[in-house]
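Colleague: Residue-level listing of the chains:
4 protein chains.
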Amino acid sequence: MTVRRPQVSVIGSGSRHEATALEVGRLLAERGCVVITGGLDEVMAWALRGAREAGGTTIAIVPGELHADANEWADHVVVTGIGHARNLAVAASGDAVVAVGGSWGTLAEIAFAMRLGRPVVVLEGGPAVEGVPRAASPAEAVDLVLEAIAR
Amino acid sequence: MTVRRPQVSVIGSGSRHEATALEVGRLLAERGCVVITGGLDEVMAWALRGAREAGGTTIAIVPGELHADANEWADHVVVTGIGHARNLAVAASGDAVVAVGGSWGTLAEIAFAMRLGRPVVVLEGGPAVEGVPRAASPAEAVDLVLEAIAR
Amino acid sequence: MTVRRPQVSVIGSGSRHEATALEVGRLLAERGCVVITGGLDEVMAWALRGAREAGGTTIAIVPGELHADANEWADHVVVTGIGHARNLAVAASGDAVVAVGGSWGTLAEIAFAMRLGRPVVVLEGGPAVEGVPRAASPAEAVDLVLEAIAR
Amino acid sequence: MTVRRPQVSVIGSGSRHEATALEVGRLLAERGCVVITGGLDEVMAWALRGAREAGGTTIAIVPGELHADANEWADHVVVTGIGHARNLAVAASGDAVVAVGGSWGTLAEIAFAMRLGRPVVVLEGGPAVEGVPRAASPAEAVDLVLEAIAR
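Protein chains in written order, with our numbering: chain A, 620 to 770; chain B, 620 to 770; chain C, 620 to 770; chain D, 620 to 770.
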């Protein structure tokens, strides 16, 4: 049988973090990871774009009821229909989670990921949460989550 | 028609915060609020107990599939069956939210409440979250949330 | 301690079923039940109105993110934010369920209630589902669900 | 950009329907569809197996909190943590839905799919629901859903 590829959820928001998200997505795809996001704009779009452009596989988990809610970089669209509660699915679906920027929704996802024991790394510029490791660069963040998944 | 009474969700966890939760529940009930929690143990139980003992009305919003999952202080039990995603319903159902102690689940609830524009107050001892007001005592927390609801 | 009153969820839709819903709500309240609905219009409103007018307690479990989404007959509003997935909470929160009219959403609620082992009665005019008991009148439906709860 | 491949959710349960589910999964993959199921056993496993063995892509949307809850035929695992409410996500994520056998959970998924306007086809042996088209064979079911998606 095929071994399932590692899945990394990239969470966050903020247009000023898009270039960083692109880089995180690209690096994750280059390392063989499937990239998952909440499927909408900004960080959620650019992380998928980075992964797609690097030949990776991308999954959008959207809060609404339509496939068309997802950005164009999603290979597969999971339509949840459950609004902000889909943040739980985004956090839970990652074998690990990387936060790039972000606000309250991102904080909810970090909290759920920690609650469920998923490794989380927050890139500088993202929410400061006591007990959650931080990384100074996309490369460091990707290294950290891949090490965590390998353990 | 009857005017709906204010609903305040009390969130948090930790057995050392139970006496505080009891006091918060009592004060909210004395001020005419319906008290809502996630319906399980510790803070979720003692806040309902405080409200009940003061003659108030209490609602448990439980994550599992059984009414019996709720603690004995719940007048009404909302059985969601959606696991940690019920944290969204707990946060959203409050006209305001008070946090007493707590860990990752509480952080998720604070984040959702802020995302949805619900006034939140964290009692000292609860998670420190930038941008979220804090209170030094149950009385101060209850004053703050009732002022916020009145606005 | 106080014993929790029985909770009956009234589900359904269709403006031509409003008078029936009013009667079901009234009878349930007269028999001491708390009445729960999805909190919006038509059957969801009239069942709560019937219960309220009979002096009963009513709970709306709404799919959106606002308390104001609930109809005016709700004593308490549970705001889930999870869209159609709140149908699971409506079904699960009833110690028993009565269907009055209804379409696809109602069918989902009947299915969830059966899945979770909640007694269900469908009033004539509601969806025909193999294996689900039917009643010819509000009085018969209320008798059946109260007998089922008592068992 | 890449065009997203059609996604078809295969729902249902019952060990006697496994061979049919295998065939449905195989045919969908041969026609270029991504196959989605609830990710557990019986129909949910065999539909993914059929798709995988035909070289297709498979997605499991599981109700629990662990990737390991998914069967071995899932290429990608979406971990929702929301219990039976994940049935909404399974129904909504399909551009169309095929039911193979099934009980109450399947009925909830059919109802949600119809509510959201997703084309649904029930194979003979699955729940009879007024207004939902039926098919006599996997080939007919797959033809019907692909025609519906193309419209």
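FYI, nobody ran anything at the bench for these hints, they're computed from the structure.
Here the structure is a predicted model, which is why all the values come from computation and not from measurement.
It is possible that part of the hints are untrue.
[What the hints assert, rightly or not] Over 12 Å on every C-beta distance to chain A, these chain D residues come out as not near it, computed from the model: (1) S628; (2) A711; (3) G713; (4) D714; (5) R737; (6) A747; (7) E749; (8) D762.
[What the hints assert, rightly or not] Computed footprint of chain B on chain A; a stretch qualifies when at least three of its residues, placed anywhere within it, have a C-beta under 8 Å from a C-beta of chain B: (9) 643–651; (10) 728–736.
C-beta atoms are modelled at their ideal positions from N, C-alpha and C, and glycine is treated no differently.
Colleague: Please go over all the hints and tell whether each is borne out by the structure.
Modeller: Going through the hints against the structure:
no.	hint	in the structure
1	S628	violated (10 Å)
2	A711	violated (4 Å)
3	G713	violated (9 Å)
4	D714	violated (7 Å)
5	R737	violated (9 Å)
6	A747	holds (25 Å)
7	E749	holds (23 Å)
8	D762	holds (22 Å)
9	643–651	violated (count 0)
10	728–736	holds (count 6)
In summary, the numbered hints that this structure violates are 1, 2, 3, 4, 5, 9.
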